[in-house]
Amino acid sequence: MSIALPPRELRVLHLEDSELDHELVRAHLRRGGLNARVRRVDSEAGFLAALDEPWDAIISDYNLPGFSGLVALDLLKASGRDVPFVLVSGEIGEDTAVEAMRNGASDYLLKNNLSRLVPALLHAVEATETRRARVRADRELDESKQRLRELAQHLQTSIEQERTAIAREIHDDVGGSLTALKFDLAWIDRHTDSEAVRARVHSALETVTLALESSKR
Numbered sequence: 001m002s003i004a005l006p007p008r009e010l011r012v013l014h015l016e017d018s019e020l021d022h023e024l025v026r027a028h029l030r031r032g033g034l035n036a037r038v039r040r041v042d043s044e045a046g047f048l049a050a051l052d053e054p055w056d057a058i059i060s061d062y063n064l065p066g067f068s069g070l071v072a073l074d075l076l077k078a079s080g081r082d083v084p085f086v087l088v089s090g091e092i093g094e095d096t097a098v099e100a101m102r103n104g105a106s107d108y109l110l111k112n113n114l115s116r117l118v119p120a121l122l123h124a125v126e127a128t129e130t131r132r133a134r135v136r137a138d139r140e141l142d143e144s145k146q147r148l149r150e151l152a153q154h155l156q157t158s159i160e161q162e163r164t165a166i167a168r169e170i171h172d173d174v175g176g177s178l179t180a181l182k183f184d185l186a187w188i189d190r191h192t193d194s195e196a197v198r199a200r201v202h203s204a205l206e207t208v209t210l211a212l213e214s215s216k217r
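Here the sequence shown is numbered in our numbering, starting from 1 and rising by one per residue.
Computed Cβ-Cβ distance ranges for the label pairs, DEER-style: (1) 31 with 136: 32 to 38 Å; (2) 33 with 103: 26 to 32 Å; (3) 161 with 197: 41 to 47 Å; (4) 166 with 135: 44 to 50 Å.
Read the hints as simulated data drawn from the structure, not as lab findings.
Each residue gets a CB set at the ideal place from its N, CA and C atoms; glycine is no exception.
Work the whole structure out from these sequences, hints included.
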């Protein structure tokens, strides 16, 4: 399945000590219709300095003077930057290619067969962007879950506070009503001439007094 060319210009870092091979890579990118701004570096120091800039992809030669594509790949990983890395070599053994892929290389190509360069580069860029999107989605999901947990905790706290406030109001209302009832019963006790009524009032006063004591606990 072919991958559509991106509408924007790709920023490509090319780690290559040969100007001729660099121009060959640029020619294949143009031939493949890729709109790319390519910058060449040819040393470890230059590569490390370039990593401070944003790149959409890195194309690296395998053999460089005092340096190698595998070392560059390790440096990229150590930097923490998630940039697709395509390894290119004049000759590369199967074991070396497998090691490179295992260490995080997106793809590897032979210099005498760069017809796959643009498809390989586009596939690597797309895979990296998909991975980044998944990481962002996972992070946003985790943040949403955390916000929900905080909201649930806040809601629970608010509910408990409201329950406490309502209980306090009910407690105060009940206490006030019982006190008023006690005053009314005492008034009846003072003004009645009926012993039967007075006995019932005394019994009611005892009940109200007990209820008041319970409401104060």
